[in-house]
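Asks: For reference, the chains in residue letters:
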Amino acid sequence: MIDLREAVVLLGQFPALTGVTLKVSQGEIVTVRGPNGAGKSTLLRLCAGLLPIREGFATVLGQNLGENRRIIRSNIGLLGHMSGLYEDLTAEENVAFWGSMVRATNHEVREAIKFMGLNGRLSDVLVRQLSAGQRRRTSFAALIVQRPSLWLLDEPHAALDGEGRALVDGLIEDAAKSGATILSVSHAPIEPDGRIRRVVTLAGGRIIGDTANGGNSDGIS
Amino acid sequence: MKIKFMAIKETQNNTTSSRITRFLGSCLVLGVPALILFAFVFSPKDDTMEDAVRLLYIHVPVAIFSYIAFGITAIGSIFYLWKRSRWWDTTAHASAEIGVMFCALTLITGSIWGRPTWNTWWEWGDVRLVTTLVMFLMFIGYLALRQVPASPEVRAKRAAIVGIIGTINIPIVNRSVEWWENSTLHQQSSLTDGNLEDLTLFTWFLGTLIIGIAYLWLLIHRFRVGWLATEYEAQGYGVAIEERQAEARAHNTETSGHLEEGEVE
Amino acid sequence: MEFRDAWSIARKDLRIELRSRVLTNQIAPFTLLIVVLFGFALDADTQTLRDTGPGLFWVAVLLIALLAIQRAVQIEDADAARERTLLTPVSPSSVFLGKSIALFIQLVALEVLLFFVMLALFNLSVGNPLLICLSALVATIGVATSGTLYGVITAGVGVRETLLPILLLPVLAPIAIGATRAFGDAFDRVDADGWAWLGLLAVFAVVYTVLGMFAYGQLVEDT
Numbered sequence: 001m002i003d004l005r006e007a008v009v010l011l012g013q014f015p016a017l018t019g020v021t022l023k024v025s026q027g028e029i030v031t032v033r034g035p036n037g038a039g040k041s042t043l044l045r046l047c048a049g050l051l052p053i054r055e056g057f058a059t060v061l062g063q064n065l066g067e068n069r070r071i072i073r074s075n076i077g078l079l080g081h082m083s084g085l086y087e088d089l090t091a092e093e094n095v096a097f098w099g100s101m102v103r104a105t106n107h108e109v110r111e112a113i114k115f116m117g118l119n120g121r122l123s124d125v126l127v128r129q130l131s132a133g134q135r136r137r138t139s140f141a142a143l144i145v146q147r148p149s150l151w152l153l154d155e156p157h158a159a160l161d162g163e164g165r166a167l168v169d170g171l172i173e174d175a176a177k178s179g180a181t182i183l184s185v186s187h188a189p190i191e192p193d194g195r196i197r198r199v200v201t202l203a204g205g206r207i208i209g210d211t212a213n214g215g216n217s218d219g220i221s
Numbered sequence: 222m223k224i225k226f227m228a229i230k231e232t233q234n235n236t237t238s239s240r241i242t243r244f245l246g247s248c249l250v251l252g253v254p255a256l257i258l259f260a261f262v263f264s265p266k267d268d269t270m271e272d273a274v275r276l277l278y279i280h281v282p283v284a285i286f287s288y289i290a291f292g293i294t295a296i297g298s299i300f301y302l303w304k305r306s307r308w309w310d311t312t313a314h315a316s317a318e319i320g321v322m323f324c325a326l327t328l329i330t331g332s333i334w335g336r337p338t339w340n341t342w343w344e345w346g347d348v349r350l351v352t353t354l355v356m357f358l359m360f361i362g363y364l365a366l367r368q369v370p371a372s373p374e375v376r377a378k379r380a381a382i383v384g385i386i387g388t389i390n391i392p393i394v395n396r397s398v399e400w401w402e403n404s405t406l407h408q409q410s411s412l413t414d415g416n417l418e419d420l421t422l423f424t425w426f427l428g429t430l431i432i433g434i435a436y437l438w439l440l441i442h443r444f445r446v447g448w449l450a451t452e453y454e455a456q457g458y459g460v461a462i463e464e465r466q467a468e469a470r471a472h473n474t475e476t477s478g479h480l481e482e483g484e485v486e
Numbered sequence: 487m488e489f490r491d492a493w494s495i496a497r498k499d500l501r502i503e504l505r506s507r508v509l510t511n512q513i514a515p516f517t518l519l520i521v522v523l524f525g526f527a528l529d530a531d532t533q534t535l536r537d538t539g540p541g542l543f544w545v546a547v548l549l550i551a552l553l554a555i556q557r558a559v560q561i562e563d564a565d566a567a568r569e570r571t572l573l574t575p576v577s578p579s580s581v582f583l584g585k586s587i588a589l590f591i592q593l594v595a596l597e598v599l600l601f602f603v604m605l606a607l608f609n610l611s612v613g614n615p616l617l618i619c620l621s622a623l624v625a626t627i628g629v630a631t632s633g634t635l636y637g638v639i640t641a642g643v644g645v646r647e648t649l650l651p652i653l654l655l656p657v658l659a660p661i662a663i664g665a666t667r668a669f670g671d672a673f674d675r676v677d678a679d680g681w682a683w684l685g686l687l688a689v690f691a692v693v694y695t696v697l698g699m700f701a702y703g704q705l706v707e708d709t
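Here the protein sequences come in this chain order: B, G and Z.
Residue numbers are given in the numbering used here: position 139 of the first sequence equals residue 139, and the series is strictly consecutive.
Each number in the numbering used here corresponds to the 1-based position in the second sequence with 221 added.
Each number in the numbering used here corresponds to the 1-based position in the third sequence with 486 added.
So that you can see chain B by itself, here it is in the shape it has in the complex:
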């Protein structure tokens, strides 16, 4: 699914990733942790095929990113700090627009809106009038209609209430069960059923800990 070897990524002149080696297999849920500026968001954007790789190798969804990083993009669901919502459209219109971009049916759009608890009154409210948590739910709904095979989530729980977090955790579980891979930047490991997930720790643009390799997970017992 994801196979990075000594991957170096530059943002302008700044080396955001300084040699990341990471292997993630299909259906895995991996949590990425690390201090501010560790390169977590850059790692997600590299895996989404949005950034050029400067050195090393990166294969995502079976595609060598050094050769072509456009092919994989339509199979990627990226939820960043910004997620492409239009403020002057309603929640429903946003989901429907992104749905039409990925050929989702009207039924799928409605289901996604309902799943994220945005049906009823909320679906007709302009995004600019929504709360941060409601926006996050809208972003998730727009992601669901895309049915990605690789989910790259940057702090998926941010701004969500308890119910929202539970919804998202359930969503991630279901996606993984149906064969999708999830890489999620988070400060709390996803453990809806009490199991501890694989946690990868990033600092200075490198992986410094990986629970899958018996490494420390930085303070998580």
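Bear in mind the hints are in silico, worked out from the structure with no lab data behind them.
Don't be surprised by glycine CBs; every beta carbon is placed ideally from N, CA and C.
Among the clues, some could well be false.
Which stretches of chain Z does chain G cover? Using the computed rule of at least three CB atoms under 8 Å from a CB of chain G, they are [stated by the list, open to error]:
| id | region |
| --- | --- |
| 1 | 643–653 |
| 2 | 658–668 |
| 3 | 681–690 |
| 4 | 694–704 |
Every beta carbon over 12 Å from chain B, so not counted as near; a handful from chain G, in silico [what the hints assert, rightly or not]:
| id | residue |
| --- | --- |
| 5 | Thr237 |
| 6 | Arg275 |
| 7 | Leu326 |
| 8 | Thr338 |
| 9 | Thr341 |
| 10 | Gln368 |
| 11 | Leu422 |
| 12 | Ile434 |
| 13 | Leu449 |
We have chain B; now place chains G and Z onto it with these hints.
Replies: Only chains G and Z this time, still in chain B's reference frame:
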């Protein structure tokens, strides 16, 4: 050509000069005074333009080489998009800068020359005048775009596309201005009608040669400055990687607990 | 390239404009303001206004177009929607066409308003309505496509507001000349062959549509 441009890399003496640029520079040291002598002293007055003709020994060559310079920018831009090499991008940039300078000289000398000859500083109806002005403004925009902070690849790609579009636009502008007033005050090339005196012809050729050498000399120097600038940008790369990796090591040796639960980025 | 995608994108842009009312509440009044300023500048001399009317019309359109282009870029920049589009199977040429269509429709709406205001205030009489309509439509295609292309060139740049005019306006010189001449002919103000100018405008429109469809994909990468 490619090797000569990069001769600087072999010498590594923090200068942009090399044997070829010193040779070209020496030619200019001798050639420019010679051109001034021929233009102002030896060559005769024109029958109709009188002394104003002397300005043309500069005006026509800089006009020709400003067009050549923008042509090189367009070629450099096309090759950049094709080969993605820094060499072509630096060439396009260097040539555009000199082109803009030559273009400004063309407009200024032309304007000064037009005052006694056409009795006007500026003539809106003239195709070449207006086309040259629009071209000048377009490449000012090109240079402005190059100054915008961005990663080198993004900057080069955007500049290349603007450079190509600018060049494609020149014939459309030319056509529209020609239809607009359908007139030009510019005379047909007086070189072909055979009425020129030998000395006038010689001075004109000397002017073209000197401006051509000046273009090449400036281009090579400007290319090397641009090349060193990108080299300098890239030099920080290794150091920056090391610093950042040290950051990772420092973090690794520290005890955990450094990361608070729920820390928000 | 799929026209259906282009249309979805255009419809989305137009819906946003209808909602936010930037077009009706800010750009349209600005249009009227320009006309009034021309009146002040030219000393309320109706004869002069009538003679320069076609030129003033297109200068006003280019100024309005700059605002509309900035707005079209900003919609996509606000929440990184341009990047989100990269993660869908939609082709960049569809996005280019969609954005151009939306810009075209907005500009045409503003031109209609501007046209009737100038007709009334400058006391112009139309000699050839067909030529007016065709040359306005074709010139606006040129403005919309080149504007969309240059809009994305300046996207994500800190100095976008100032960079866009100096890059775009020289490129639009043929439109300024050609559309003014065609209008001048249609208003019977100048002796020009309006239909030939329409041909030049058409060449410009075709060149920039083709350029845009090729170059847009290159430009949205890594921005």
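Asks: Which constraints among the numbered hints does this structure fail? Numbers only, ascending.
Replies: none
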